[in-house]
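Participant: Sequence:
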Amino acid sequence: MSNQSIGLPDELHEYLLSVSLREPDVMQRLRTETAEHPRSEMQIAPEQGQFLRFLVRLIGVRRSIEVGVFTGYSALAVAMELPPTGTLVACDVSEEYTGVARRYWVEAGVADRIDLRIAPAEETLSALLEDGQDGTFDFSFIDADKETYDTYYEQSLKLLRPGGVIALDNMFRGGRVTDPEVEEESVRAIQRLNEKLRGDERVHLSMLPLADGVTLAMKR
178 MSNQSIGLPD ELHEYLLSVS LREPDVMQRL RTETAEHPRS EMQIAPEQGQ FLRFLVRLIG
238 VRRSIEVGVF TGYSALAVAM ELPPTGTLVA CDVSEEYTGV ARRYWVEAGV ADRIDLRIAP
298 AEETLSALLE DGQDGTFDFS FIDADKETYD TYYEQSLKLL RPGGVIALDN MFRGGRVTDP
358 EVEEESVRAI QRLNEKLRGD ERVHLSMLPL ADGVTLAMKR
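Count along the sequence shown from 1, add 177, and you get the number used in this note's numbering.
Quick caveat, the hints were computed from the structure, so don't treat them as lab data.
From a predicted model like this one, the values you see are computed outputs, not experimental measurements.
Positions of the beta carbon are idealized from the N, C-alpha and C atoms, including for glycine.
Here are the simulated DSBU-like pairs of lysine-lysine, each with C-alpha atoms no more than 35 Å apart in a straight line:
hint: 1; residue 1: K373; residue 2: K396
hint: 2; residue 1: K335; residue 2: K396
hint: 3; residue 1: K373; residue 2: K335
Label-pair distances were calculated between CB atoms; the ranges are:
hint: 4; residue 1: E324; residue 2: P215; range: 16 to 26 Å
hint: 5; residue 1: T209; residue 2: T313; range: 32 to 42 Å
hint: 6; residue 1: E378; residue 2: L235; range: 21 to 31 Å
hint: 7; residue 1: G309; residue 2: E284; range: 27 to 37 Å
hint: 8; residue 1: E210; residue 2: G286; range: 15 to 25 Å
hint: 9; residue 1: G376; residue 2: D308; range: 26 to 36 Å
hint: 10; residue 1: G352; residue 2: D327; range: 16 to 26 Å
hint: 11; residue 1: L189; residue 2: A288; range: 35 to 45 Å
hint: 12; residue 1: P261; residue 2: E378; range: 35 to 45 Å
hint: 13; residue 1: P386; residue 2: D292; range: 28 to 38 Å
hint: 14; residue 1: G286; residue 2: R199; range: 16 to 26 Å
hint: 15; residue 1: R379; residue 2: T209; range: 37 to 47 Å
hint: 16; residue 1: I236; residue 2: E360; range: 29 to 39 Å
hint: 17; residue 1: R379; residue 2: E284; range: 34 to 44 Å
I would like the entire structure built from these sequences, with the hints used as guidance.
Facilitator: Given below as structure tokens:
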């Protein structure tokens, strides 16, 4: 996660927000509350939340997956753009963090669109596949433990329809992905995945310098 786009000077970031951010009040208040959280660095940037909303509309998402919820800002962004009959399967392991999320989802009137599963995401996605839901989702946003990103990617790819999109967050890892000698496994896992994605002919690919790096993979 990243609170603003990496590499942007503060002055330019403020300008970006001032001329382009259209953040609903409920999202702004959730972001403000989360900024006081001890793990606030896990909050996505507001311009990233707006990008997710735009992407959901662009793709015409009806069924979505989120891996890693935290306090629910990105899930709120996605759910607010779903049709009334749309569904977001949201995966997280923390009742504490998602307790904050639930309050804002109710306030925004989208709680009925969000199917929160408190369990390891790998198990939840496996259960969806075992239930025969492969090829039935339009979008997946992955923003959780980096060491398991590759697994989440493979599971999401099976669950998506052709033309569906996976968005993977933190693909820059604060710029540390450029270090060939890095020892931190969370960074090494992203380095490996970036290299894998570059040659993955199952998807169309684009890496964006948004927030801490967002990779979009569209299933062929």
